[in-house]
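Trainee: As a plain string of letters, each chain reads:
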Amino acid sequence: DAGVIQSPRHEVTEMGQEVTLRCKPISGHDYLFWYRQTMMRGLELLIYFNNNVPIDDSGMPEDRFSAKMPNASFSTLKIQPSEPRDSAVYFCASSLSDLLNAEAFFGQGTRLTVV
Amino acid sequence: DAKTTQPTSMDCAEGRAANLPCNHSTISGNEYVYWYRQIHSQGPQYIIHGLKNNETNEMASLIITEDRKSSTLILPHATLRDTAVYYCIVRVGQDMRFGAGTRLTVKP
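Protein chains in written order, with my numbering: chain A, 1 to 115; chain B, 1001 to 1108.
Pulled from the structure, derived: some chain B residues nowhere near chain A, Cβ distances all over 10 Å:
| # | residue |
| --- | --- |
| 1 | 1008 |
| 2 | 1056 |
| 3 | 1079 |
| 4 | 1083 |
Just so you have them, the derived chain A footprint on chain B, three or more residues with Cβ under 8 Å:
| # | segment |
| --- | --- |
| 5 | 1042-1050 |
| 6 | 1093-1100 |
Note that these hints are calculated values from the structure, not bench results. We treat Cβ as the ideally placed atom computed from N, Cα and C, and that holds for glycine.
Just need the whole structure built from these sequences, with the hints factored in.
Mentor: Next comes the structure, spelled out in structure tokens:
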């Protein structure tokens, strides 16, 4: 397996524009996580899904952020409208539900810059 | 509300063992201790995890105290490529939240 795949790797957008980040989890994994990383706040858990269903979205900063998982092999994180303070690296991760082997595998991240 | 406490930074000489401590005094009986590391600009990488027994794999060893209130990650022969931020996480289920971690610098 190629691991967790995120796209794009880099995104530069203007304030007010819609941004969509994409993630393909490892095949067979039933949990998917979205994280945001900044210097000030570190790694923050935004939302996670189990079997395509959102389980906990308490980390989503505000209504401008939304995440979907239409099927087991694809998820999106959308920001609309984007603001400069959304600039960060966004990571997607996936894992199995087996708690004895529940290590999460992370993608390479999407570096978002909102100008 | 951080569940773990780690030193902000540590140095280690190349070839020596790196011992990274973590305090998790409020850990509950069904929470696992996980360790991840993040090398500059990359996504976090899983290292090892355990419940109450010591664990070892090809990357590291995890020593958990008998009362489970603290643990130590041991990299037996640190190399320059082990320079990274190391995160200790306690989790039950799939909820996994990162603290600030320890920045380990391996020096030649």
